[in-house]
Amino acid sequence: MAGLAIEVADLHKSYGATAAVRGVSFGVREGEVFGLLGPNGAGKTTTVEILEGHRKRNSGRVSVLGHDPEERDRRLQERVGIVLQSGGFYPRVTVQEAVAHFAKAYPRPRDTAETIALVGLEQKSDSRANELSGGQRRRLDLALALVGDPELVFLDEPTTGFDPAARRTAWDTIRTLKELGKTVVLTTHYLEEAQELADRVAIVKDGRIVAEGPPGELGPGSYRVSYVSEGRRVTHETDDPTELLHRLTRDAVARGERLDGLEVKRPTLEEVYLELTKEEAER
Amino acid sequence: MSPFALAWEQFRFERKIFWRNPSAAFFNFVLPLLLLVLIASAFGSEADELDVLIPGIAGMSVLGTTFTALTYEMTWLREDGILKRVGGTPLPTTSFIGGILASAVVNAFLQVGLVVLIGHFAYGVDWPAHWLSLLGFTALGVACFGALGVAFAHAVPNMDSAPAYVNAVFVPLIFISGVFYSAESLPPVLEGIAEALPLKHLIDCLSYAIVGGDYAVTAPAIVLGWTLAGLVLAVRYFRWE
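So the protein lines, in turn, are chains F and E. Counting along the first sequence from 1, when you hit position 237 you're at 237 in our numbering, and nothing is skipped either side. Counting along the second sequence from 1, when you hit position 92 you're at 92 in our numbering, and nothing is skipped either side.
Treat the hints with care, since some could be wrong.
To be verified - Covered, in the sense of this in silico footprint (three residues per stretch, anywhere, with C-beta under 8 Å from a C-beta of chain E), are these stretches of chain F:
id: 1; region: 52-65
id: 2; region: 78-85
id: 3; region: 90-103
Unchecked claim - Take a look, some chain F residues computed to stay more than 12 Å from chain E by CB distance:
id: 4; residue: PRO69
id: 5; residue: TYR106
id: 6; residue: GLY148
id: 7; residue: GLN195
id: 8; residue: THR242
id: 9; residue: VAL253
Honestly, the hints are just simulated from the structure, not real lab data. Quick reminder that beta carbons are idealized off the backbone N, C-alpha and C, glycines included.
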């Protein structure tokens, strides 16, 4: 098994009287795409900004590639790429100039033209940032994060505000990062995005992680077996569908009945997510 | 690259983009020179008036290229997320800020040089009496107003309000500090305020360097005091976003 790129234990962060992160713990394995999923204001961005070194925590332990990000150690920053949620461009500087300029701070930068090609901005290489569309700017943002050839990339809400086509393109780029062997930490409030891209996700709600695991295996009672009996659908939740199905079908055969509309389903990430966040809201 | 080499790269980058922003270039270069020419032409070019005006405009140039320019620049870098981006890269903060400051320093020296050249060739003012002092006092003024500009940017909440904040300081300050006329003709209250602030003292020092005569030892001391205060405030209240 791969080692851990990131370890977070009992992380807390408050802004004044407002607790944004309330005891978060998780680990990110080297080479995986890890998704932090949750509604707006759940504490995803605060958590990621602490990992990036942009914010200081109140308590808890954080290790990013063996460093404490709070120290803003240059040796750590050389190995990390950060994509901002917005902004951070010189308006009158071309794509080529910006990438070449930011490359200088890294010990082994990726070639400027190659970096621009990686994010698909070759056609806009000589355009200034203020001449780019919103989607193109996000790609420049990604190029600036990748020019240092980082091992670990942070993507905070990378496709917010994208149209479906642009979102697909961005997803392809993120898959490319994974193929290059990068560790990726992704925050998103799009369930589909987490499902498509993440090897594992953590669902964040009110500053806590309420579920964690591969997107297909999340949630309590991970299988749902259901059938129609006397006009009503009967649903059982189980971790062991083999045993349950055996029992149900054996009993039905013994009674000489059919199990109409028999289904075995895993709940979708969306169902798990809505259930978990609803539970929280009802407390 | 070493932090020093990175500061040099940042400096070259700043020089390249400076001229791509015409309005900033205008305020840095054209406005003070325009004022010099207009005032010298409108209110006569008597030698004793020029002896006040030339060091005054030189002081105003230092103020404009450092305090004004850096308040705008640092506010903009912070509000547009560039500081945050840089904070997440291995580019050392000292190299980044150092490159920006060096660019402002170049503008200040260029501007003071132009003021001296225009004074000499257009209005027949003598060459500066003390060249080395001119260099030294310009450097002191640059350090002072550069540090104060970075510090003042911390107080500016956003880019929209930056012109109001800057001009609330810049405009009264140049009027009470003897840029256009001798500060001795001010009402006592305003003269007292001007005495407490650094610009009048910088102009006194520049006047000694350009015109000759004398300056009080307290003048550079007060400018130095403001420099130290500016440095402390600039570092103490620095924020990335």
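Item to complete: Go check the region 90-103 of chain F versus chain E for me, would you? Three or more residues, Cβ under 8 Å, otherwise it fails.
Response: holds (count 6)
Discussion item. Quick check for students: does the CB of F/GLN195 sit more than 12 Å from each CB in chain E?
Written reply: The claim stands: F/GLN195 keeps its Cβ more than 12 Å from every Cβ of chain E (closest is about 28 Å).
Discussion item. Minimum C-beta separation from F/TYR106 to chain E exceeding 12 Å: can you confirm that?
Written reply: The claim is violated: F/TYR106 sits with its nearest Cβ about 6 Å from chain E, within 12 Å.
Worksheet item: Taking a Cβ-to-Cβ distance below 8 Å as contact, does the region 52-65 of chain F have at least three residues touching chain E?
Response: Contact hint for the region 52-65 of chain F vs chain E: holds, 3 residues under 8 Å.
Discussion item. Would the non-interface assignment of F/VAL253 survive a Cβ cutoff of 12 Å against chain E?
Written reply: holds, 63 Å
Discussion item. Can you confirm whether chain E covers the region 78-85 of chain F, using C-beta to C-beta distances below 8 Å and requiring at least three such residues?
Written reply: That given contact holds, which follows from 4 residues of the region 78-85 of chain F lying within Cβ reach (below 8 Å) of chain E.
Worksheet entry | Beyond 12 Å from each Cβ of chain E, as asserted for F/THR242 | Given a closest Cβ separation of 49 Å, the condition holds.
Discussion item. Does F/PRO69 clear chain E by more than 12 Å, comparing its Cβ with all Cβ atoms of that chain?
Written reply: violated, 10 Å
Worksheet entry | Nearest-CB test (12 Å) between chain E and F/GLY148 | violated, 7 Å
Figure legend: structure checked against the earlier numbered hints; hints not met, in rising order: 4, 5, 6.
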